[in-house]
Amino acid sequence: MKLVFERPKSLQLTKTHYCPGCGHGTIHRLVAEVMDELNIKEKTIGVAPVGCAVLAYNYFDCDMQQAAHGRAPAVATGIKRALPDRVVFTYQGDGDLAAIGTAEIIHAAARSENITVVFVNNAIYGMTGGQMAPTTLIGQRTETSPYGRDPKLAGYPIRVCEMLATLDGPSFLARVELTDVKNINRAKSYLKKAFEIQLAGKGFSLVEILSPCPTNWGMRPVDAVDWVRKEMVKVFPPGVFKEPKEGNV
Amino acid sequence: MEKILMKGNEALAEAAIRAGCQCFFGYPITPQSELPAYLAREMPKRGGVFLQAESEVAAINIVYGAAGAGARVMTSSSSPGISLKQEGISYLCGAELPCVIVNIMRGGPGLGDIQPAQSDYFQATRGGGHGDYRTIVLAPASVQELVDLVYDAFDLADMYRNPVLILGDGILGQMMEPVVFKERPARELPPKTWATTGKMGRQKPNVINSLYLDPVQLEEHNRKLQRKYQEIEEKEARWEILNGDDAEYFVVAYGICARIAHAAVEMARQEGIKVGLIRPITLWPYPKKAFEEVLSRAKAFLTVELSCGQMVEDVKLSVDGRAPVYFYGRTGGMVPTAEEIFREITKMRGHS
Ligand SMILES: Cc1ncc(C[n+]2csc(CCOP(=O)(O)OP(=O)(O)O)c2C)c(N)n1
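Chains A and B, in that order, give the protein sequences.
The numbering used here numbers the first residue of the first sequence as 1 and each following residue consecutively.
The numbering used here numbers the first residue of the second sequence as 1 and each following residue consecutively.
The shape of chain A in the complex, shown without the other chains (with noise of 0.2 Å):
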């Protein structure tokens, strides 16, 4: 029999925490897939984020570091810095990335660190139970936003790939929606270039990808991914914003 579908190796035998048509699993594997295809997990170091996925530790087949709150790309850079040859990535929500890590990210990407940063952005924070994140849309309610995000109080979403693409600094930046399968392949597409990225000592490389989350959104995993397509990608247009220029990489 033809084996046509099997589990990374870069992943752990284990099943993982997260909420039925959560984004986090898919991207999980799809990380997992990228480290297989480049034969890297032996020398791979994660650092898992606070947030849904703070667990990712017993789920990616390789070394892993569990950084503070918003502090992933900081640890990165230690163990970057510490040992150049090996591969470093971070994981980390929005709400890790762009509201307390906010610092930690612009600075890794402006030394243009030589780490990958795979960023999900579900527009809300997950783990504490769907509170407003800093990718939170206008209108868009949540557990401390009850009557929809009010820019004359809560301001607006951040757009990090298009704040980041004004330095000098990162080598990758692309935006992907996780919606469907042409989609999904498209997000490990850049997964992998951004980690060849890396590979080639090209500097820092950042994979935004819109995530649904159901749980939080009050929404049936169906109508969560429609609401990343129809309204998501209106605030957070896909495309690549940085890149090597050809044949660099």
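These are computed hints drawn from the structure, not numbers from a lab.
Using N, Cα and C, we set each Cβ at its ideal position, and we do this for glycine too.
One should not assume that every hint holds.
To be clear about the criterion: a stretch of chain A counts as covered by chain B if any three or more of its residues have a C-beta under 8 Å from a C-beta of chain B, and this derived list gives those stretches [as the list claims (entries may be wrong)]: (1) 36-47; (2) 59-73; (3) 185-198.
Using the hints provided, position chain B with the ligand relative to the given structure of chain A.
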């Protein structure tokens, strides 16, 4: 061996390189700025890593990453910056990562000033971060001792997988004294089999972590940490007693304050007052044994600090009500003269 005249901050930096420090991460602040400047010059030449971070928060978390990857790593700052590092220190203790953290203390609270102080004693010995944790705290009193303790700091950190704090003050950091960098045989240290260096064929991934969602496991983790802290308390307390053999009165002081206090003790001796000096070298573990040695003959203790009275609480705990404990302190960067302390010694004798 060659004697060199060096500023405290620079001597500390040189000692760190010689002690095998591979990485330094910091953020500028007075009065410790000569230390990162020295390392920025020297580390690239001598195969080390120097990086100026965007904040003390980032610096301590970069330290976490590098320590977790198995490197000998150091950061330095002064009081306000050390406040910002507390989150990271709590995580380093929880994840049991070795590193050296230097605090060249200045006056507080808040932005305070840039003059010498010892008002971060509580923060250093009680832990300014959250959770039941301890850091080893070394308090040198001269540039030579500063240099010698840097080697010990790195070794202790590795031996116990724990952050070690070097607590100095603005005077120690800024003053110049002759130092000798003694050649020291490398101590036998446990291999860092726990470090996240990539699996490289290892069966199971290594994980650096302080999260234990199961309360049973977290209590077990805390008990393990406490056993380690107890072992450190039993083995690593250090102190010095000067003019103590026949003393009936004792001045207790650490760091630069102990130098001035010693001059005051000498003055009192000239006057025939039988007074000695207890100088704690480790502030945690606190050298309680030093007090046990002298309590049978001690009539009173006088604690002198560049603070409003912090270490005096540990003196009281060590004396445990068996003799009166007095306090004299100057703050805000004001430093007592030997004469001032001498007057307090005579007052102590008058009281008891
Ligand atoms: C210093 C600190 N502040 C707050 C928290 C509580 N906290 C845990 S997870 C989280 C938000 C995570 O949200 P996000 O980064 O968007 O990730 P998600 O859970 O949605 O994947 C917060 C605020 C914490 N653990 N530490």
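Now the hints, each set against the structure:
{"no.": "1", "hint": "36-47", "verdict": "holds (count 6)"}
{"no.": "2", "hint": "59-73", "verdict": "holds (count 10)"}
{"no.": "3", "hint": "185-198", "verdict": "violated (count 0)"}
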